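*Asks:* As given, the protein sequences belong to chains A and B, one line each in that order.
Just so we're aligned: 115 in our numbering is position 115 of the first sequence, and the numbers increase by one with no gaps anywhere.
Count along the second sequence from 1, add 1000, and you get the number used in our numbering.
These are computed hints drawn from the structure, not numbers from a lab.
Because the structure is a prediction, the values reported are computed rather than measured.
Treat the hints loosely; a few may be bogus.
Claimed, not checked - Reference listing, derived: stretches of chain B covered by chain A, where coverage requires no fewer than 3 residues with Cβ under 8 Å from a Cβ of chain A: (1) 1120-1128; (2) 1218-1225.
Said to hold, decoys possible - Pairs of lysine to aspartate or glutamate, DMTMM-like flavour, derived with a Cα cap of 20 Å: (3) 173(A) <-> 119(A); (4) 139(A) <-> 1382(B); (5) 110(A) <-> 1243(B).
Ideal Cβ placement from N, Cα and C applies to all residues, glycine included.
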Amino acid sequence: MNTLHRHLLTAVAVASLAACSSVKLDDQAPVESRSGANAGTGSGSGAAGGAAGSSQTRVAPVDVTGTSNVNYSNLPRVVYFDFDSYVVKDDYRPVIEANAKALSTNRKMKMAVEGHTDDRGSSEYNLALGQRRAEAVVKSLTLLGADQTQLEAVSFGKERPAVQGENEEAWAKNRRAELASR
Amino acid sequence: MALFSSSLSQIHFARRGLCAALLALAALPAAAQFRVEISGVGATQLPIAVVRFRDEDKTTQSVSSIIRADLERSGAFRIVDTQATSFDESARPEMAQWRSRAADALVGGSVSRLADGRYDVRFKLWDVVKGSELGGQSSAVEAGDLRLAAHRIADFIYEKLTGEKGVFSTRIAYVTRSGSRHTLRVADADGENGQVALNSGQPIISPAWSPNGKELAYVSFERQKAVVFVHNVASGERRPVADFRGSNSAPAWTPDGERLAVTLSREGGSQLYSIGKNGGEPRRLASSPAIDTEAEYSSDGRWIYFTSDRGGAPQIYRMAAGGGGAERVTFSGNYNISPALSPDGKTLAYVTRAGNAFRLAVLDLSTSGAQPQMITDTSDDEHPSFAPNGRLLIYATRAQGRTVLMTTTLDGKIKARLPSQTADLREPVWGPYGR
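Pulled out of the complex, with its shape left as it was, chain B reads as follows (with noise of 0.2 Å):
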């Protein structure tokens, strides 16, 4: 960011002939997919221009589109109009003519059909301001990766300008309910590529990504009870791993991807477990008389966060991952659930009864004594989950009496929507790195 704090300004942006515009390809019939529309107000953004690439029109992705969707999405760039130009990586750019457009970073590049019916994607990145070049690359892929390309693109871009890994090429997990039909699907980071890993006449909630990024734990009701599976989306294998007298719930995987804890209601009440993740018998890690449940490992693996109304009204409880006696972390109001924990353990984010509405709050765990801040406006938020470099947020809301998921930055300002057709979309969860 260093590179280009010359030329950075506060910047307030409202794209709404943008956003018109992509409603109407979102409203285009068939289109199974989603779209971006980003409704926040900016704070300190990286002005980027990223051309056409050549010959991209060829096929079926316009891979510099979904670039820029990526990169301004995450909040940390502004996209600066390109039009219809268009060069590929090995052009050289008249960069006093990009400095007058107040672009500090340029991209470039091309998609080449190669002999076996694959694509060759190359770009170049340049530093405007300094006129030099900062990196770029290639790579073949199958027609169906060529989003999963663009993605690793604006990876590459978020990381050498920012300095942190950029979660473009991630997957995010939801379930989509249309009547009496209920299905998990697994889709990009952006919402598009969605597929479907799971049809069932029955709810289904609660999924949860193993940390390899192969798996997600759910709670599926099927059998007419609450019943936690494990199901492998590539190969579409799934087990149920607690299915005991009572409801099983609340799937959350340890960090090494040998466990789950789940809330089991085996010997009565709501309470939490560990049990393996292929089953077995489970181990108690609390006792209480209240409903304990809603489990989430810190990634260190030393804690489990948990709600719990023990006090009289659900909390947001922390204890040692083993088990034994638990402290109290959320004290800000008298209704607080389905905590969700950052990367680095630093963050809190929770959901938060102000009134008659839910709202996202987040609160810093690394300052004692902080406070909460709420960051959205709305009023019937649910299940958040941080982005793996914890910089943004995915969460259900309800927007015009519909269902839908957003993202949004830590602090609320630059937030989008991934609109769907029809069905109503809840229970996000936000994949690992590594794919």
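Just chain A, same shape as in the assembly (with noise of 0.2 Å):
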């Protein structure tokens, strides 16, 4: 049975790599695609590849690891929201100055505010939640000077917490909007 599972795992690792190496990752491309046939092939013959590849449960898999591309500035770029809320606190009121300051010195920088929120409840909530989070940053950077075009709101919901834990703690260091350079 081990040997069985070795045989499956070799499998499906062969057929990661194959996915790697015929995955395009540019975000130009309007559509990534991978040849199917080749799936199969890669897979080899017998239990294992009849696992991996049989006519009627093949899933043919891709990699897109490795594609992250954030960079932060020296500027501060975090705001921080009480429990159920999307009102940027004034004790933030510096962290939205100096970046509408940058904003509207530099008009070739743009930035994404990235909302993020704690972990309970559905990642769709979340993200909608998070969402408001950073269309309420972008609101305040717009009225101190940055231009609405040199910003985009969007949101990570629930799904990367700045640190882990189930309690009020963490919570509220997970209830934020990142300021990120793009």
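Two chains, two frames, a set of hints: combine them into the complex.
*Replies:* Here it is, written out as structure tokens:
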């Protein structure tokens, strides 16, 4: 049984490698595609090949790891929020002012404002709550001179917590918006 | 079911021994598969004996074990222990003997290797009470499809004895998270035979099966923001269908598979739109100053159920599929999210917050004024999805510090956990019939 599993894993690994070599990770490309035929031939024959590449159950693995390209500037970049709130508190006025100044000084500068939440509730509802926080920060920045076209409000919801933990301290650190240069 | 009504009984069972054995199996190294644990208390269950199939030990899969686990997980059957007994579809089993072992139904079969390397899988189902045959089948499959052949036999048995279609040969999709690695996987409905559809260094959420079961729509953050992709699981071909300014999320297929409802923030806020399955210009479905998200079509295509906090707190609403005015659906509790609709449109499953706990609830939509039933006692339930026969739900919850997948009957009485080795399992979604 262990041997079989090892073969299965090998087959999956081989198929994954095949995917790496044939999937383009170009953001400009509207369609990313790979040949389905490669998945079958890459996984060999016999029991392992059957599991990974049989006609009725085949799933072709795709790999898009290693596409992260976040660059943070030296500016203060985090605004924290109260529970269930998207009000930018006065405490964070210096963060907003510094970034608004940088954006209005350099009109070519672009930033994404990424909203985040704590991890309670569904992925999608939290994504929407994070979006609300990001949009509140964008509004604050534009009121202080930044231009709409320099900014994009996006959300990671609860998917990218700053800290792990199931307590108020952790949750408070995760309810935030981050300003990221793009 | 009427066939066996004379010998049906209330059976309470706790299969600790079985669970321990299964856990031991699950602990095998390199086992990229999961096992089923039954942790519920049974209600009305049909006792069935499934003997070892002749020559099944000469293959890589124990066909009879797969059938037994399927039937047990459905909540409709109690498995009668057959130990080492083995016979095939041509046997003439002594019915009095099986009656004395309290089995109402009996299954035997065989697995034979064919000259071309495939396997011929045969079985027969007997009505022990009447002493008659209820049918059987044979099918020739590749070694890699032996599990599928077993699931199809379980489907045959389930349908013959309950009158409803089985879901054992369907597939599920879910996302695993291990460190910074996020993987979209497709597995058999029992969680076995998991295969990688997508590996990413960024989160993946909200997978949704196309009605034909060939494509998955999902949200990927690989471009440093939420973008909706549609992905053909057999070929690996994928395309972004919603990549507008802001966040793009919560894909839900129309029942005809031609369009998707999505949540977009391109005009500010999180609002519902309809977009073609290949992308194009989205059409706005509703306008509200609030969050509208988590759309789900009724299978007759008439309604969109969704989550909105337009009333101050998140509740589930519905509107006509073409858009327009919405009516509130959930009234009990002040936080209800993640609607899932049964295929017959009569039952709504969702997640409700009770104190600090997020629990799975079901609401009978066919009876006006019906009260929701909470069907779990866990505290971090997420993302319910109905099996295509509407008899089981799959959902994610937290256990021992990890996120795991569970199936449950709609009354919450039979739950099966699909354990994993290390990763967190999230965002499960049950695929359609027709594999």
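*Asks:* Look at each hint and say if it fits the structure.
*Replies:* The hints, checked one at a time:
no. : hint               : in the structure
1   : 1120-1128          : violated (count 0)
2   : 1218-1225          : holds (count 7)
3   : 173(A) <-> 119(A)  : holds, 11 Å
4   : 139(A) <-> 1382(B) : violated, 32 Å
5   : 110(A) <-> 1243(B) : holds, 18 Å
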